[in-house]
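Chains A and B are the protein sequences, given in the same order.
For the first sequence, UniProt numbering assigns the number 1 to the initial residue and increments by one for each residue that follows.
For the second sequence, UniProt numbering assigns the number 1 to the initial residue and increments by one for each residue that follows.
In case anyone wonders, no lab produced these hints; they're calculated from the structure.
Treat the numbers as computed from the prediction; the structure is a model and nothing was measured.
A virtual CB, placed ideally from N, CA and C, is assigned to each residue, including glycine.
Keep in mind that a hint or two might mislead.
Sample of chain A residues at the chain B side, in silico, Cβ under 10 Å [claimed, not checked]:
no.	residue
1	67
2	140
3	142
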Amino acid sequence: MADSDNPIYGPFFGVMGAASAIIFSALGAAYGTAKSGTGIAAMSVMRPELIMKSIIPVVMAGIIAIYGLVVAVLIAGALDEPSKYSLYKGFIHLGAGLAVGFSGLAAGFAIGIVGDAGVRGTAQQPRLFVGMILILIFAEVLGLYGLIVAIYLYTK
Amino acid sequence: MANKNKLNSSGEAASNKQKLKKQRSDDAKDYSSFKIVFFYCSLIVFLPVVTFFCLKSVVLDRFFTLTDLNTNIYSAVGAVLALHLALGLYIYRAYFGGKDSTKTD
């Protein structure tokens, strides 16, 4: 039966890690998509030729969800039955999932707010586009840091 | 009165034709930009997923010395790199391709 290193509830933490990785990343990505989507919808009424440029915040918000997906797939691939899955591994996977999940949530919020204001501003002053892209990249990198930490934890 | 009506109607017909022409050219422009955006969006969504699983199976097949953990990590890193490559391509196209389309407008 399960001993103290491999308790029956060990995989619970791993499962929660995989779930929280994708849940929180998707929350952030959904907020980013919705918020910048309202900006695009308001802007496109007057400047429909800028659609291609203004989709970028939505794409970047989608990438946040892909980070969460990658970590969730990695953790789900390492899950096993309690006798082969130590409690330590469960904690590590929970930490990895939370790292990428909450980083993704934060990055998604940032992308949503910046995307909304940036897209509306780009319609009036096209030179704002470069600045918007730079700010979006810096927001995106927050999610990437979470992914790096999650993968580093996963290798432990 | 009748003459005036005739003139008005011919003018309306001409403006309607022009409107239709403009509408058609707008539609063609919208369709071409939709094609580009759709292509890049599907590239960004599917390329990392395909890269992840392809890299995983290929690396597993070719280098058996790698452990399962290392294979997973390399394929995840490869997927993220492919994702950023596709995103960079899209931003490049949006920045430089967008300039051309506004010039032709």
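Structure-based check of each hint:
1. Taking 10 Å as the C-beta cut-off, the interface hint given for residue 67 of chain A holds, the closest approach to chain B being about 7 Å.
2. A hinted interface residue such as residue 140 of chain A counts as satisfied when its beta carbon comes closer than 10 Å to some beta carbon of chain B; here the least separation is about 8 Å, so the hint holds.
3. With a least beta-carbon distance of about 15 Å to chain B, the hint placing residue 142 of chain A at the interface is violated under the 10 Å criterion.
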